[in-house]
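Here the protein sequences line up with chains Z and L, keeping their order.
Numbering-wise (our numbering), the first sequence opens with residue 4 and increments by one.
Numbering-wise (our numbering), the second sequence opens with residue 4 and increments by one.
Incorrect hints may appear among the rest.
Where chains are identical, the list cannot tell them apart; a pair therefore holds if satisfied intra-copy or between any two copies.
Here are the simulated SDA-like cross-link-like pairs (lysine to any residue), alpha carbons at most 25 Å apart as the crow flies [as the list claims (entries may be wrong)]:
#1 Lys-139 to Leu-194
#2 Lys-23 to Gly-66
#3 Lys-139 to Glu-119
#4 Lys-74 to Glu-46
#5 Lys-23 to Glu-153
#6 Lys-74 to Glu-16
#7 Lys-139 to Gly-54
#8 Lys-139 to Val-116
#9 Lys-23 to Ser-100
#10 Lys-139 to Leu-196
#11 Lys-139 to Ile-115
#12 Lys-74 to Phe-84
#13 Lys-74 to Asp-50
#14 Lys-74 to Val-116
#15 Lys-139 to Asp-59
#16 Lys-74 to Asp-87
#17 Lys-139 to Pro-96
#18 Lys-139 to Ser-200
#19 Lys-74 to Tyr-11
#20 Lys-74 to Arg-55
#21 Lys-74 to Leu-196
It is worth saying that the hints were derived from the structure and are not from the lab.
Quick caveat, the model's predicted, so the values are computed rather than measured.
Number of protein chains: 2
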Amino acid sequence: MGTQSRSYPTREEQASITDKRLLRGARTRETVLRRAVDVASLEGLEDVSFGRLATDIGMSKAGIQTLFRTKESLQLATIDFARDMFIEAVAGPARNSPHGVRRLRSLIDHWIVYAETPLFQGGCFRVANISYFDSKEGPVRDALFQHQREWYETIGREFRHAVDSGEIAEIDVDLAVFQVDAVLCAANTALRLGDHSAVDKVHRTLDGLLRTP
Amino acid sequence: MGTQSRSYPTREEQASITDKRLLRGARTRETVLRRAVDVASLEGLEDVSFGRLATDIGMSKAGIQTLFRTKESLQLATIDFARDMFIEAVAGPARNSPHGVRRLRSLIDHWIVYAETPLFQGGCFRVANISYFDSKEGPVRDALFQHQREWYETIGREFRHAVDSGEIAEIDVDLAVFQVDAVLCAANTALRLGDHSAVDKVHRTLDGLLRTP
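From just these sequences and the hints, can you work out the full model?
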């Protein structure tokens, strides 16, 4: 063993080097995607390119390209990353509230904080991108609409629970989900313009849907 | 008079030439703007540039630049042109209906035709552009929001008339306008994806706001 050349690392050393390399790759990936979601929410996913991100974060274009390969993969990874951040900011914390009206209110409250703060520089990621991609078939559009469907299901589940448990009067859940998401998206736009009265309008829309039986 | 050189036109001929030139300029302007509103509704106003339009309609870039001078003037002229087309398609025809509930329903019906047909290749012009410009202060954002305010006022006026004349029960008009516009914008996005159930959801939202006293 003492004769082993030092130019070849041991298996343990090799594993440690691989771990470090993986960690470095993961960190770079996160740095790139953190910037990509801001660019996408401000300028749109079309502006999420290797060159733009390389300039913004001071990395080589080739380095970013190695991590994501194609512009479309980079755009899809950006959508996934935004989705994870959205879940962490909105759906995650709401899980602390019991199903039904309380979780619904928690989801809406967290959504408003998400749009008001905002989590992404340009406000709601989906609102910022769906109007561009809605006319363009392909994986990017599909991923954005998958995100919308998940959100519809998340709030729809709580409306249904509130009706089934007798917390609120019978309503058309599909219509309620459509209306709530519509006013949230409208509020996101109003907030970008500094019109905070839209938040109160969201709450009053929700109140109108949550009438006791 | 018979001695007048034919190389100099008479005052009448000069006027006719000027008219023809003005007419040609106005026609070119219309051709350019007709294409510009489609590009803006599909790709966004950022893509409305002299080069892009020159390629699309087979004109010289310099010719278009002479007519509009700056990219921002071209974008503002595009918004005005879209506004005129919107008024012709939605607000104009609704004027045939008496004020109140009937005009409100006519406005919404024409708006849905406007988004369904669609008048612009990418659907509602405002929805397609507002999410990009809402984070960017300047004349383009101001013009888009002026358009939104006019639309809010148009439907708000009819809601107020319906309440004041006793056609419908008392409602918060500002909230109703916000909700109606929100579901229209959401329906526009749904229609781009081929989801026509959103049209029924718009009508049911409106029905919910137009209850008799």
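For the identical chains here, do Lys-74 and Leu-196 meet the 25 Å Cα criterion within one copy, between copies, both, or neither? Between copies only: 23 Å across, 31 Å inside.
At most 25 Å between CA atoms: does that hold for Lys-74 and Glu-16 within a copy, between copies, both, or neither? neither (35 Å within a copy, 59 Å between copies)
Pop the pair Lys-139 and Ser-200 into one bin, within, between, both or neither, using alpha-carbon distances up to 25 Å. Classified as between; 20 Å across copies, 33 Å inside a copy.
Measure nothing new, just compare the shortest in-copy and cross-copy C-alpha distances for Lys-74 and Glu-46 to 25 Å and report within, between, both or neither. both (16 Å within a copy, 18 Å between copies)
Have a look at Lys-139 and Ile-115 and pick one of within, between, both or neither, based on CA distance no larger than 25 Å. Only across copies: Lys-139 and Ile-115 sit 21 Å apart there, 28 Å inside one copy, limit 25 Å.
Could you figure out if Lys-23 and Glu-153 sit no more than 25 Å apart (CA to CA) within one copy, between two copies, both or neither? The answer is neither: 35 Å in one copy and 58 Å across copies each exceed 25 Å.
With 25 Å as the alpha-carbon cut-off, assign the pair Lys-139 and Val-116 to within, between, both or neither. Result: close only across copies, 21 Å inter versus 30 Å intra.
Given identical chains, is Lys-139 near Asp-59, meaning Cα to Cα at most 25 Å, within a copy, between copies, both, or neither? between (27 Å within a copy, 19 Å between copies)
Within, between, both or neither, where Lys-23 and Gly-66 count as close if Cα-Cα is 25 Å or less: Answer is within; shortest intra-copy Cα gap is 17 Å, inter-copy 58 Å.
Alpha-carbon proximity between Lys-139 and Glu-119, which holds within one copy, between copies, both or neither at 25 Å: between (29 Å within a copy, 16 Å between copies)
Have a look at Lys-139 and Leu-196 and pick one of within, between, both or neither, based on CA distance no larger than 25 Å. between (27 Å within a copy, 9 Å between copies)
Reference check for the pair Lys-139 and Gly-54, CA-CA at most 25 Å: within, between, both, or neither? both (23 Å within a copy, 22 Å between copies)
Hint compliance for this structure: hints 5, 6, 9, 14, 17 and 19 are broken, all remaining hints hold.
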